[in-house]
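J.: Quick note, the sequences are listed as chains A and B, same order.
Under our numbering, think of the first position of the first sequence as 7, with each following residue one higher.
Under our numbering, think of the first position of the second sequence as 1313, with each following residue one higher.
FYI, nobody ran anything at the bench for these hints, they're computed from the structure.
Mixed in with the good hints, there may be bad ones.
To be verified - Some chain B residues near chain A, calculated using beta-carbon distances under 7 Å: (1) Ile1341; (2) Tyr1343; (3) Leu1362; (4) Lys1394; (5) Ser1417; (6) Asp1449.
To be verified - With a Cα cut of at most 27 Å, we get these calculated DSSO-like pairs of lysine-lysine: (7) B:Lys1412 with A:Lys140; (8) A:Lys158 with B:Lys1348; (9) B:Lys1365 with B:Lys1348.
All C-beta atoms, glycine included, are put in the ideal place defined by N, C-alpha and C.
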Amino acid sequence: MNSLVNRAKMLLEEKSVNVVIGYEAGTGGTARPAFISESADAEKLIYNEHCVHNLAVYLSKQEVRKMGKIGIVAALPVMRSILMLIAEHQVDPENIVIMGISHDGSLLDIENIQVMKDYISKSDPGNPERYKDKLAELNKLSMEERFEYWQKELSKCIKCYACRQACPMCYCTRCAVEVNQPQWISVKSDISGNMEWHILRAMHLAGRCISCGECGRACPVGIDCHLLTMHLSDQVYKYFRVYAGLSEKMSSVLSTYEPNDKENFII
Amino acid sequence: MSDFEPKVVAFVCNWCTYAGADLTGTSRIKYSSNVKIIRFPCTGRIDFMLLLKAFANGADGIIVSGCHPNDCHYTSGNFHAKRRWIIFRELMDFMGIDMKRITFSWVSAAEGAKWAEVVNNTVMRIRELGPYKSYRDMVNAKVEEEVRNE
Chain A
7 MNSLVNRAKM
17 LLEEKSVNVV
27 IGYEAGTGGT
37 ARPAFISESA
47 DAEKLIYNEH
57 CVHNLAVYLS
67 KQEVRKMGKI
77 GIVAALPVMR
87 SILMLIAEHQ
97 VDPENIVIMG
107 ISHDGSLLDI
117 ENIQVMKDYI
127 SKSDPGNPER
137 YKDKLAELNK
147 LSMEERFEYW
157 QKELSKCIKC
167 YACRQACPMC
177 YCTRCAVEVN
187 QPQWISVKSD
197 ISGNMEWHIL
207 RAMHLAGRCI
217 SCGECGRACP
227 VGIDCHLLTM
237 HLSDQVYKYF
247 RVYAGLSEKM
257 SSVLSTYEPN
267 DKENFII
Chain B
1313 MSDFEPKVVA
1323 FVCNWCTYAG
1333 ADLTGTSRIK
1343 YSSNVKIIRF
1353 PCTGRIDFML
1363 LLKAFANGAD
1373 GIIVSGCHPN
1383 DCHYTSGNFH
1393 AKRRWIIFRE
1403 LMDFMGIDMK
1413 RITFSWVSAA
1423 EGAKWAEVVN
1433 NTVMRIRELG
1443 PYKSYRDMVN
1453 AKVEEEVRNE
């Protein structure tokens, strides 16, 4: 990935960015997120199939905002997250330089938001292919079987909230689970409390989730919690014809409405 | 199951359905007494978590009701609520929570008779479905866990 290293070096040297967020080699052949602020360190940057973290998660953090101009290594899900963060006024588009990565891992020339949008519009905005089978399989089960499945899955949850931490769209400085008046979600781990947490998380991400699957990947006990938000992405498209992260001017699906929204269950 | 009396919690908005339920009473229309009405400023205020808490605390059925579209006291609360319920129902269904147990309706302040009908139909449906045992079992699993930990 020489072009990526060179680009990062150039950006840091000419001071167009103060820091580059990318990936460096981790232990045992893995990759991990890296913050590069010296051009000499740009050599550390890598990009390979292990670079899966959604780096957009850092952009809304207070500490990172203070760093000023930021260069970010962005594959497609990261680009969509960034668009969504701009739409929600969490990221100033003037403050970021996108170092786009294409499907085959080569560096893209993304000069501005419009170019990024055009690139995104060429891809399929739906859920990634690798998750579709599992979603379809769950949808085929009976109601009782689904309840059984989720109880079994969510009983594993240890409420570490890694799913929340890994998600670029979960940026509230005070999450509902850290509030105790009212205490919506019990602190300890129990099945119904765990289920309430995952329902709350999925509902808060409805129409905002860009289906990167980071929540499920971050889960230390292997709960497929990304299926909940991905299912809702499908539903939001089905009812409201909207996918998240395709435009920097999108308003949130659940805080807007159309008077003629169709439903068939209200009597 | 003949001695089963469904517990139904109704989350209603202050301006339409609550007034509508009042009208049911002043019009001396008899309706099922299984319903416990909780008054909210607006359907837009009804958090989905409240519905889950109702089930967790022993409700067998739930009614959510407010002003007809375009009649909201706050102009758009019910439109927002409608979107939220569309998505919420799909999520609940995906997680296997029984949506036949929740009735959504628009009942205006003039529809006292409709309110009686909504409640009676819901109670009848819940009576057929029986107690919401599977949800309560899940909540009780937690209690057993607590006992074991002690």
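J.: All hints are to be evaluated individually against the structure, with a verdict given for each.
T.: Tested hints:
no.	hint	result
1	Ile1341	18 Å, violated
2	Tyr1343	15 Å, violated
3	Leu1362	10 Å, violated
4	Lys1394	6 Å, holds
5	Ser1417	5 Å, holds
6	Asp1449	9 Å, violated
7	B:Lys1412 with A:Lys140	25 Å, holds
8	A:Lys158 with B:Lys1348	32 Å, violated
9	B:Lys1365 with B:Lys1348	14 Å, holds
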